[in-house]
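Whenever a hint applies, use it, and build me the whole structure from the sequences.
Single-letter residue listing:
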Amino acid sequence: MAAGNTIAHRDKRFFIAVIGDEDTVTGFLLSGIGNIDSSKNANFFVVDLKETSISSIEDAFKRFTRDSNTAVVLINQNIANEIRAEINAFKKPIPAVLEIPSKEHPYDASQDGILQRVRGMLGQAT
Amino acid sequence: MAPGGMLLFNTDDGYLEAIIRGYRAGILSSADYANLCQCETLEDFRMQLTATDYGNFLQNEPSPLATTTIQEHARKKLVDEFRAISTQATEPLATFLDYLTYPYMIDNLILLITGTFKEKDISELIDKCHPLGLFDSMASLCIATTPEELYREIVVDTPLAPYFAECVSLDDLTALNIEIIRNTLYKAYLEDFYQYCQKLGGATAELMGLLLQFEADRRAINITMHSFGTSLRKNERESLYCNFGELHPEGIMRLARADDRSSVASIIEPYGTYRRLWSAAMDNPDKNLEDAFFEYEVYLAKQAFDQQFHYAIFYAYLRLKEQEIRNIGWIAECISQKNKSKLNKYIVVF
Amino acid sequence: MASKDRLPVVPSRLSLQQMKTKYQGASKGHSMLKKKSDALMVRFRAILKEVYEKKLEAGEESREAMMALAQAKYAFGGELKHTVMETVKDATLTLKTVSDNVAGVQLPSFFKSEAEPGEDGGGTMMLTGLGKGGESINDARDVFTHTLELLIQIAALQTSFLILDEAIKLTNRRVNALENVVKPRIENTKKFIESELDELEREEFFRLKLIQNKKERERKKAEGEQAKVANNVELLTPFNPDKFANPEKATDLIGVAAGVDEDILF
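Chains as they are written, first to last, in UniProt numbering: chain A, 1 to 126; chain B, 1 to 350; chain C, 1 to 266.
One thing to keep in mind: the hints can contain errors.
[Claimed, not checked] DSS-like cross-link-like pairs, simulated, lysine-lysine; straight-line CA separation at most 25 Å:
#, chain 1, residue 1, chain 2, residue 2
1, C, Lys169, A, Lys92
2, B, Lys118, A, Lys40
3, C, Lys36, A, Lys92
4, C, Lys112, A, Lys91
5, B, Lys118, B, Lys128
6, A, Lys12, C, Lys89
7, C, Lys89, A, Lys62
8, C, Lys54, A, Lys92
9, C, Lys96, A, Lys91
10, A, Lys50, B, Lys77
11, C, Lys34, C, Lys190
12, A, Lys40, A, Lys12
13, A, Lys92, C, Lys49
14, B, Lys338, A, Lys50
15, A, Lys40, C, Lys112
16, C, Lys20, C, Lys191
17, B, Lys128, A, Lys50
18, A, Lys62, A, Lys40
19, A, Lys92, C, Lys112
20, A, Lys40, C, Lys89
21, C, Lys169, C, Lys35
22, B, Lys120, A, Lys62
23, A, Lys40, B, Lys120
24, B, Lys128, A, Lys40
25, C, Lys96, A, Lys40
26, B, Lys128, C, Lys89
27, C, Lys54, B, Lys338
No lab work stands behind these hints: they were computed from the structure.
As structure tokens, then:
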């Protein structure tokens, strides 16, 4: 399996990357997930949908998902919607791309790609 | 000149005091807050604010509004007001007003120092600085690329230089936790400001004494409470306490040895004010000690308006306005998150 | 039975044996894969439910977290975000993975690993808001850390979900391939070989019969000639193929012979 290779190192530390509005990022950084490596690449990316260009969000997403040290990528749902094509095109199990609610946008299960699949499989009208 | 002198106060500072009292009338009332709390969206919120002294300060902002935008604009309004006053101030009020901007300066400088450590672009950082804490040589900070340069070339030019020279050496700058540096500077600033106010004498000394003593005590208690479970050592902690305040010297000494919350509680037990605040915070699960402190600060600041011919009113106005901005931010936050369960946390000023 | 539905073999007893072994192997593989697929399915269903519930739970959690952050901002001031973002250096909260083996499929689970708050690096964020706002900031940190724990669980589940999904598809493909392609093909081959062998046998039998007939005729001819020569004409019963085809009669003959010959001791 593709994942087999990634999990090879037992003691390896994996990072959690965040793409989100400043509040989301600030909050998660408080819990200590933030990391800036020696080449000054941060594992978080602040998006202001009024100013940040879609392509730079996509770039950040690609950078995080290609990084072998990242195991989880958190992304605000409303931002994920902006780069939906990119997210749907990403099929690998690791890193896990998690869509999280943002401050102004409460969690909408119907927009979550993974959850939609889950629901389709459970075969329930929930 | 003692600015407390009733006879001569109005010659230099009467006009500005009048202006401040005029501004004070613009502080949101409890009715305004009640209206703001009724809002369902931030657009409503913006509409409600136009009915207050804030006017159409948000009119050029595109929708959707962010809570931070609202807060930033409210802060900008405060900064404008403050600048209008400080440009007209004569000595010694001018110096007094300068003192008021130092805390912001400390925060800004700390931000810049952390940024330089990371070799960030300084001009980018300056945008993040608090406008009240900007200083002249800030533009030249772009030259500094290393902490050493920053220390030698820039810091000496700022009004904060004496505090730096007193407490922070170049080695500390790289070795110490940035928060410790921040609080060391703050302590030095508070002590200096306190002495300056005492020198001014009169009602200023009296009222500012109260306010600053409270500030010093609050910091001491906060630092103690917050240091539990962190890497902050007791001797480091002790060095961050101010050398004045109601708790000084006895309470401070005991605070330095405190190990947990309950020991803090027993230390502040003899001090009526803090005992009251503590129990107020403990009785109400929605409120923590810091909220109680904020309330008390508002109470003290309001008292400053009861007297005339003194400078404390400027300090008090700044504090009240900051509380107001906090309130606005809080209510806006609750509205935007559609979570009104804790809406009533704000503190009505007047 | 089209020729492409069977394996290219030379019909022989040996290849028939090989086919039988192959068929057994395929059947065994089929049942084992079926079991694996079932095992994965069980796990998969469990995960589905959990992912769904946890995701909704995380939605609620985040609301709380945002509220806590708003309180921290209230207490510390709007500059909190800058202070926090600029203080970031090394991650103190990272993940470790442990993989879990379900029917030969490696499923990762993540565990958060928190670095000890060290002298400076680790504890940097711990002291934020030391002089003011610390309490609220700590609260916000706690809530966010808790939310994060939940998210980490979800991440592990989601990853397992994707891996399992893939594995189940793969296994089911194999099961179906065995069931619908490989096994019928072997069966066809077996049938083909069997029928070929039968055909060969019948041919052989027919050939033998022909030869026997011919030999009999020749023998009769020779005997007839002999009888004529000996003037002892005795009509022999005509050739009865049953005598050869029916083994029962043959044993009967033996039985009769045994019954007649009582003197023979066994």
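Against the structure shown, which of the earlier numbered hints fail to hold, in ascending order?
Violated: none.
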